[in-house]
Structure formats: structure tokens, C-alpha cells
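Respectively, the protein sequence lines represent chains A and B. Residue numbers for the first sequence follow the working numbering, beginning at 1 and rising by one. Residue numbers for the second sequence follow the working numbering, beginning at 1 and rising by one.
Incorrect hints may appear among the rest.
Below, in silico cross-link-like pairs of lysine-lysine (DSSO-like), each with a Cα-Cα straight-line distance of 27 Å or less [what the hints assert, rightly or not]: (1) A/Lys50 with A/Lys88; (2) B/Lys322 with B/Lys78; (3) B/Lys346 with A/Lys218; (4) B/Lys355 with A/Lys218; (5) B/Lys322 with B/Lys355; (6) B/Lys346 with B/Lys316; (7) B/Lys201 with B/Lys189; (8) B/Lys316 with B/Lys201; (9) B/Lys189 with B/Lys316; (10) B/Lys78 with B/Lys346; (11) B/Lys189 with A/Lys218; (12) B/Lys274 with B/Lys78; (13) B/Lys346 with B/Lys322; (14) A/Lys218 with B/Lys78; (15) A/Lys88 with B/Lys355.
Pulled a few chain A residues facing chain B out of the computed Cβ check, cut under 8 Å [claimed, not checked]: (16) Leu91; (17) Trp95; (18) Phe98; (19) Ala179; (20) Gly180.
Covered stretches of chain B (chain A as the covering partner; in silico rule of three or more C-beta atoms under 8 Å from a C-beta of chain A) [stated by the list, open to error]: (21) 117–126; (22) 231–241.
Honestly, the hints are just simulated from the structure, not real lab data. All C-beta atoms in this analysis are idealised placements derived from N, C-alpha and C, irrespective of residue type, glycine included.
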Amino acid sequence: MPDSVLQATRSVAADARERSERRAQSVSDTAVEEDEAVVETDAVREAIAKAFADHLGDGFIDQHITPGSDLWIRIDRSAWVDAARFAKDRLGMTWLDFVSAIDWLPSPFGRDMEAEQDWVVHGREDKEIDPQETGVAGGETRFQMLLRVYSTTEHMGVTIKADLPDGDATIETLIPVFAGANWHEREVWEMFGIHVAGHPDLRALYLPSGFEGNPLRKDYPLVARRVKPWPGIVDVEPMPGEDDDAEEGSE
Amino acid sequence: MTLEADLDINDNEQLRYIAAQAADARVNVELETEGMTLNIGPQHPATHGTLRIVAQLDGEQVIAAEPIMGYMHRGYEKLTEVRTYPQVTTLINRIDWVGSFANEVPFILAAEELMEVEAPPRAQWIRTALFEMGRIANIMLFLGDMAVQLGGVTAIFYAFRDREFVLNQIEAATGGRFHPNFNRIGGLKDDLPAGWVEETKSAMQSVRDFCDEMEDLVVGNEIFQARCRGVGVIPADVAMAYGLSGANLRGSGVDWDLRRDAESPLAWSELDWKVWTHPDGDSFSRYWVRLQETREATYMVEQLLDGLPSGPIMAKVPRIIKVPAGESYVQTENPLGSMGYYVVSKGELTPFRVKIRTASFSNISITPWLLEGVLVPDIATILASLYFILGDIDR
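So that you can see chain A by itself, here it is in the shape it has in the complex (with noise of 0.2 Å):
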């Protein structure tokens, strides 16, 4: 038995004995901080996308700030690898969190992926097609590329966004910066259909072989979801301590 390990598990107890006497200040001192933190940390941001700017020129097409919560910066997918290595040998931000794909596509089958309950309550709309929409700093074509990073030191992450045109989706690896993006990425090949150029292995990962089809796209329809609509909107509960009278009210 290492007395390293039990030195360290045993003193576990001490340290619950210490804790009821500390517990009291800290409370109090966590509220300072806070209020400093959130001032900080935009200013933080704001140099990171900065920094991203300056490091990838022409290839830096936008930015958004939530202050005090998130980042986003949306690239050129010339940019892609480069921003990718930049925020991990620059900036820190060694932890891959994800690599994904949004399809902007507004769904063609409108309203009736919904279920006729739904109709009711809401009115049943036409079918028309909204105008395609894209989300924080902005977006041009279908396909987006998601990278999340993440500085496990300086707790403070970024989303990077790349358009990819229209009729070419292909994005380049991200395999020599960040090695777990391997699966990541055959995912967002077999789920959105979008080409990872210089994947040395992309095969599906999920669906079986034989499987045709993009299931995330926006034109791929849900089969289940048209031969049995989902029982909709009269399966919602009331909300704990809301008055009858409320029940009509839909804002």
C-alpha cells in the first residue's frame, strides 16, 4: 500500500473538518469577484477575436461577443486550419470540444413535420418557405462549420465559424492540429455529406453501410416523423403553480 495514496485520501477528512470555517468568507468574496470578472472578461474577448483579425487578415470575416458568456468569430474556409492551429499554439486553447456542421437550409417540409394538434393550437401556416436565415456573425451560404476550443487555463473559449460554398462542401482536415478531430469529422461527413479533404480514414461512423442519404441536412426527411405524427402540443403539462385562468394565454 503506497502511503502517498493514503496520506492523500485520508486527508480528505481533514480537509472536511476545514471546510464549515472557510465556507463563510468565501461566499462573501465570490460576489466581489464577480462583478470584476464580468468586466474583464469582455475585454479578454475582444482581444482574442483581435488577435484572430490581425493573425488571419482576409481571412477574418466577422465576429460576435455575448459579454461575459461566449465568443464567435466566422472565417474564410481558406482560414480554416491556420485559425485552427493559431487558437491552439497561440492563444492557448488546447481542448478540442467539438467540430460539427450547421445546414441553414430552411426545412422544405415546413409545418408538417409538425402534428395536427399543433395546427390547432397555433393555426396551421402555409408552407411557404421562410428566406434562409444564418445565427450570430453571420453566415452566406448553406453549409457552416462549427470548431469549438477551449483554454482549460484561461477558461475561456471560442466558436469558429466557416462558410462553405455553395455546390463545393469541403473543408480541409483538422487531424494534424488536433488529432480527436478524426471522428468529429467523419461524423460531419456522414451526417451532413460535406467532403473533409485530407481525412485519411472517412467512413461512416454511425449508419451502416449500404446507408444513403445525409440525415442532418435539412432536406432529408424524417420518415417516422411523417408516418406517425408526434403526439404534440396536448402532452404539455400545466406549470407547477400556474392558474387556470392562464391556460388560454399562449405568450
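With chain A held as given, fit chain B onto it using these hints.
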């Protein structure tokens, strides 16, 4: 091969030397070994579900190993696009089915962030307490199961016995042992039942007793140490590049825990607790870190129950929930590691897209790298020490 009489099982270098000798040993030099493909799973007990591993072997040594998933793929990311926000929690309960409550929280927080709704303090504290109890219920299973992978069957019975106390409390509060579905956007479904706080405190004591038991029975066991120390070593930089999280990362010496390091409306910052790390990065350290975390979580639950604020458990939210257009990403430190939901809303009843970032997916993506060169019997221990839940990989 005979072991030297003065074999010191704590000497990693010596152990590695012996392992290397064993790997290189040929039964008969005249009979060359030839490569062999070994299929493990998808129904092998060491795979906690339906993970299948195809290993290329040279004798006892693994040359290449490839996990094959998808047997449990349920397409949750697609299904969320045709579910209203309150309906989504029913689905995502089934991602990590051993610590279900924790699955709901990041999604609900992401939706609340977009709606600019904040649950009342009492709801946040109860959420945090149930979150930590979910962690305890989840990791206790691991603490027992890891010993089973090494042939020590006793521990799992203790784990199931004592885990029952925690599950009973979760059931008493939420109505569901495995799938609470207790979170609502803006708060919780119900308040705590009468007498629950006291019962939970006694359950926490049982968990701590269980942890002490595991400390002696498993951590202090010579076989356990010999099989786990220096086996499946993950250096910190590799762990980071593969996106490992939770105890797998802290077991490699990275001092990072989202409960402490990220701003969250939940009550973790109000508590006094410690993040446990271990520098070795081997199977043993991952077990040890999880054991400490479980004990730590019991103290956290007790603090939460002591300081439980009074007040309502639901904020005012509209009856029909439409989430304003926007994007938000919320990540929390779940039992298996960091779990996040990237929610894209277009202001409708259903999310436009939900990217579910699960811990096990990234944790298990390191296996081709990690299993290369290990011995066949170590596959089971390494996989067990990474601790994954199949639903958390396949989603």
C-alpha cells in the same frame, strides 16, 4: 517467467519492464506468431453496452484497435429538430442513462440563456444537488465495475447496494429512478418532498462509507495496483488534443473542472470544495480521481441541502415556449466529463439545430491511439478506466 522475490509493485519502471518482457516473449521461437484479428463485442461485458472493438493482434500484443459504434445510434440531433423544447428533455435523458439528471441541465440552461429567463435560486440549488447525486449514482457504478473487469466481483455488489440509497432519493424527489425529466425551462417540476433533506443526508453518509470501503477493497488491492498502475498512460497534451474531459483529463494532471472554472447559474460557486487531480495519467489515477470526486460530491450535496434557499421553484415563463432566435452553447461538468449543447433557435417552437457534445464520444475517440501496443487483458481495464456509457457515445 518468474517474478523476483523483491518485486515492488509500486515501482512503475519495474512493472513496465516486466510487461515489456511478457509482450516480447515468444512461446516458441521456431513457430513465428502470425497476426490475428480479434473481435470484442458488441455484447462483451467490458463494453458497457454495444461498443465493438476490432483488434489486430500479434501474439498477446495489440497492434491496432478500432472501436466500431453506431449500434445504439438514435439520431437525437435530428429528433430534437421536430420536438418542442420541453419535449427535448425527455429525449436527452437517455444520452447518459446512468446519470440522467445531469443531461437535462446544460440543455435547459442553454434554452434559458436564449430566453433570458433565470430559474429562482431555490431551483438552482435543488438542480445542483440532484446534479451531484446523479454524479454519485453514475460514478458509483464505475467504482464497482472497474474491479469486476479485473476479476474482483465483490465490489460491484457493494456498488449496487449503496447506489440504491441514492437512486431512491432521486426517485423520491423526481419520480424517476433513471430518467427524472425533472427540469423545466425556468425551474423545476416540483419542490422537494417533506423529509427528503434528512434522508438524503443519511444516504450521503452511506456513499462515503462505500467510498472508504472501495479505498480498502479496490485501491489498496495489490492486484488492482499491479494491473492498473502504469497501464494505459495518457499524457496531458494528447488528452487535450483528443478532447478528453472529466476524470480522464484530471487523471492526467490537468486541473480543470467546469464546475469551478466556468460561470454557471448553478450553485457550485457557492460551495466549498476541491478539484482532485492525479499526475500519472494511468488507469489507476482515473479510478482514484473518480473515487475522490464521489466523496467530494457527497460533501457538496450536504452543503447544498444545508444552505437551500427558500422561495419559488419556477420563474414566470409563457405556457407555450418559443425560444427567441439566437445561438448559445452551454457546457457543464457531467459525471462522464464535459457535456455541451449548442442550441440554434430561429424563434420557433422547436430548435433549429442542436449539436450535442458528449463526453464519452471524445473520451473513447482516443482508444485507437491508446490501445496500440497494450496486452489483450489490459484492453478491458483501460476501457473500463476511461468509463463510457454507450448512449453517451452514440447519442
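*What are the numbers of the hints that this structure violates, sorted from low to high?*
Going through the list in order, the structure violates hints 8, 11, 12, 16, 21 and respects the others.
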